[in-house]
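Heads up: the sequence lines are chains A and B, in that order. Okay, so the first sequence: first residue is 1 according to UniProt numbering, each after it adds one. Okay, so the second sequence: first residue is 1 according to UniProt numbering, each after it adds one.
Among these hints, one or two may not hold up.
Stated by the list, open to error - Here are the simulated SDA-like pairs of lysine to any residue, each with C-alpha atoms no more than 25 angstroms apart in a straight line: (1) A:LYS67 / A:LEU11; (2) A:LYS21 / B:LYS347; (3) B:LYS347 / A:LEU11; (4) B:LYS319 / A:GLU110; (5) A:LYS113 / B:ASP355; (6) B:LYS319 / A:VAL144; (7) A:LYS113 / B:GLY263; (8) A:LYS173 / B:SER268; (9) A:LYS113 / B:ILE125.
Note that these hints are calculated values from the structure, not bench results. None of these values were measured; they are calculated from a predicted model.
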Amino acid sequence: DIDDVGRKYHLELVLEDVLDKDGTVNCTAEVLYHLGNKNIAPDVHFTTEGELKNTDEADNVFYNRIKSLEKELVAENIPDSHGNVPPEMEPIRLLAWAAAGYVIWQNSTENTKFQLAQIKHVKQVKRSDEYLEFDYTILLHEMVSQEIIPWQMTVLWHPQHGVQVTQDSPQPKHPSE
Amino acid sequence: MKILLVFAALVAAACNEKLFAGDQVLRVTASDEEQIAQLRMLGEQEELQVDFWRHPTIPGRPADLRVPFRSLQAVKIFLESNSISYSIMIEDVQELVDEEKKTMMMSRRIERSTSTFDFASYHTIEEIYNWMDTLVDNHPSLVSKIQIGESYENRPLYVLKFSTGGSNRPAIWLDTGIHSREWITPATGIWTANKIAEEYGQDPSITAILDSMDIFFEIVTNPDGFAFTHSSNRLWRKTRSINAGSRCVGVDPNRNWDAGFGGPGSSSNPCSETYHGPYPHSESEVKAIVDFISSHGNVKSVISIHSYSQMLLFPYGYKTAPAPHHQELNELAKKAVSDLAAVYGTKYTYGSIVDTIYRADGTTVDWAYDNGVKYSFTFELRDTGRYGFLLPSTQIIPTATETWPALLDIMVHVLEHPY
C-alpha cells in the first residue's frame with residue numbers, strides 16, 4: 001500500500017506463447033492501482049527476458065490476404081457455440097485478443113477479472129493507407145460479477161507497427177441478454 | 001387379408017397378446033383343377049378361419065395357408081384324404097412374431113448405443129434426455145432415471161440413480177449444468193455417467209463405491225437455461241424465471257441456496273448475473289434438489305460441477321472463517337488436483353471458495369455443508385479464459401478424462417470415511 005496513491009503489486013510471471021508451447025519468456029512487472037478515481041487505468045511497468053517466436057511470415061501472409069480481399073471481411077460468433085474457429089478466422093481472433101487486452105487493461109480494478117468471451121461481430125473497414133482496420137463488437141466476461149459486457153472496439157494493425165485500439169466503448173445490453 | 005394379419009399382429013404385439021400361438025403355415029400344391037377347387041372350398045369354410053397368404057391359382061403352383069391351431073387337425077385330414085400334397089412351412093407363427101419383435105427391439109437398442117452417442121460433441125436437451133434412456137436400457141440393473149421436479153418452464157428435472165441395491169444407502173450427489181452456459185459440464189457429466197456405468201465391475205474403486213453407496217447424478221440441472229443457450233443466447237447463465245416488476249429474467253441458481261443468502265456475494269438486482277432471487281429456494285430447480293437431499297437424509301457428499309477457471313473448491317463462499325473440516329477438505333482437494341494434473345498436465349488451483357475465487361453467497365455447496373454434508377466440493381473445469389465458456393468440443397473428452405481420477409479420489413475418500 002502506498003499512502004494517498006494506491007496499491008502496488010510486484011509480480012513475477014512467465015509468459016507462454018499460445019502458439020508455441022515451448023516458447024516462454026520471464027517477466028517481472030509492477031502494477032499500481034490508483035486510489036480514488038477508478039476511471040484511471042492501473043499503471044503497468046514491465047521487463048521481459050528472452051524472446052518469443054518470430055511471426056513475420058505468418059503476419060505477412062495474413063496481411064496480404066486481407067489487403068487483397070475484394071469485399072471487406074465480415075464475420076460473427078468467433079468462436080461459435082461449440083468453440084469452433086474456422087482456420088482462416090484464427091488471426092482475426094488473435095488480433096481481437098490482443099486488442100481486448102488493451103481494453104481490459106484500461107478498465108481493470110483490483111476487483112475485476114476480464115476475459116474475452118466471444119467476438120460477436122467483426123467488420124473490416126477498408127483504408128487507403130497501409131493499415132488494416134477492423135470494427136469489432138466483442139463480449140467481455142467479467143469473472144467477479146459474472147457479467148457479459150458487449151464492447152465495441154476499432155482496431156488498427158500493421159505487421160511492423162503492431163496493434164492499436166483507436167476507439168472503444170461499452171455497449172448497452174438488451175434486457176433479454 | 002394379409003393387411004389385416006399385419007395389423008392384428010401389430011396390435012397384438014403392442015398389447016403383448018399371443019394371437020397366433022400354435023398356428024402353422026402350410027405350403028400346398030394342387031396337382032389338378034379339381035384340387036384347386038377343393039382348396040378354394042376349404043377357404044370358404046368360415047369356421048376353419050383358413051387365411052391364404054398365397055392363393056391357389058393353377059395346378060403346380062404352391063399356395064400358402066395360415067391355419068389357426070384349432071383348425072389344424074381338420075385341415076390336415078382334409079388335405080390328406082384328398083391326396084393334396086403339402087408341407088409345413090412355418091411350425092409356429094407366434095414364435096416367428098415373437099422372434100421378430102425381439103430382433104426389432106434389439107436393433108433399436110444397438111442402433112441407439114452404436115449409432116453411438118457422440119461424447120465428443122455438445123448436445124441438445126432432447127439428445128441428452130434420449131441418451132439417458134439409452135444408458136438405463138444398457139445398464140438396467142445399475143442405472144435408473146428418477147424425476148425430482150420440474151423447471152420453471154415445466155421441463156422435467158431428471159436424476160440418474162446408480163445403485164446396486166440396499167435401502168437408502170449412503171449417497172453421493174453430483175450435478176452438472178446448473179449454469180447453462182457452462183456447456184463443458186453436462187458434456188463431462190454424460191461421459192462420466194457412462195464411465196461409472198461401464199466401470200462398475202471393472203474398476204476396483206468405482207466397484208467398491210457402488211457396492212456400498214449410491215450415486216445420484218443430475219446432468220441438466222438448469223434445463224430452461226440450457227434450452228435458452230441453444231435457442232437464443234449462448235452465454236445465458238441463470239434460470240428463466242420471470243422476476244416480478246422487472247424486465248429482466250432469471251435467478252442465479254448458485255446464489256439461491258439458503259446459506260448466507262442475500263449477502264454481498266450475490267446481487268439483489270434481477271438484471272444481474274448473480275441475482276439471488278426473491279427468497280432462498282425460490283427456484284424450482286434448486287428446491288427440487290433441496291427437497292431430494294433433505295428427504296433422502298443419507299447424502300454424504302455433494303459435488304457440483306461448473307466451468308471455467310480450473311479450480312477445486314470447498315466451503316465457504318459466504319464467509320472467510322474456515323470451515324470446521326477445512327484441513328481435511330484441503331488435503332483431499334490437493335490430492336484430487338494432483339491426480340487430475342497427472343493426466344494431461346492441466347493445472348488446477350484449490351481451496352475454499354472465498355479464498356480461491358471470490359465471495360459467493362447462497363451457493364449449493366455451502367448449503368450442503370451447513371446441512372450436514374461434509375464432503376461438499378465445487379469443480380470449475382477447463383479452461384482459464386482462452387476459450388472460457390466456448391470450450392471447443394475437441395476438449396470434451398480430455399476434460400472428462402482428466403477429471404475422472406479427481407472425482408474418484410473424492411468418492412473413495414467419502415467411502416473410506418463414513419460419518
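Quiz item: What are the numbers of the hints that this structure violates, sorted from low to high?
Solution: 1 and 9
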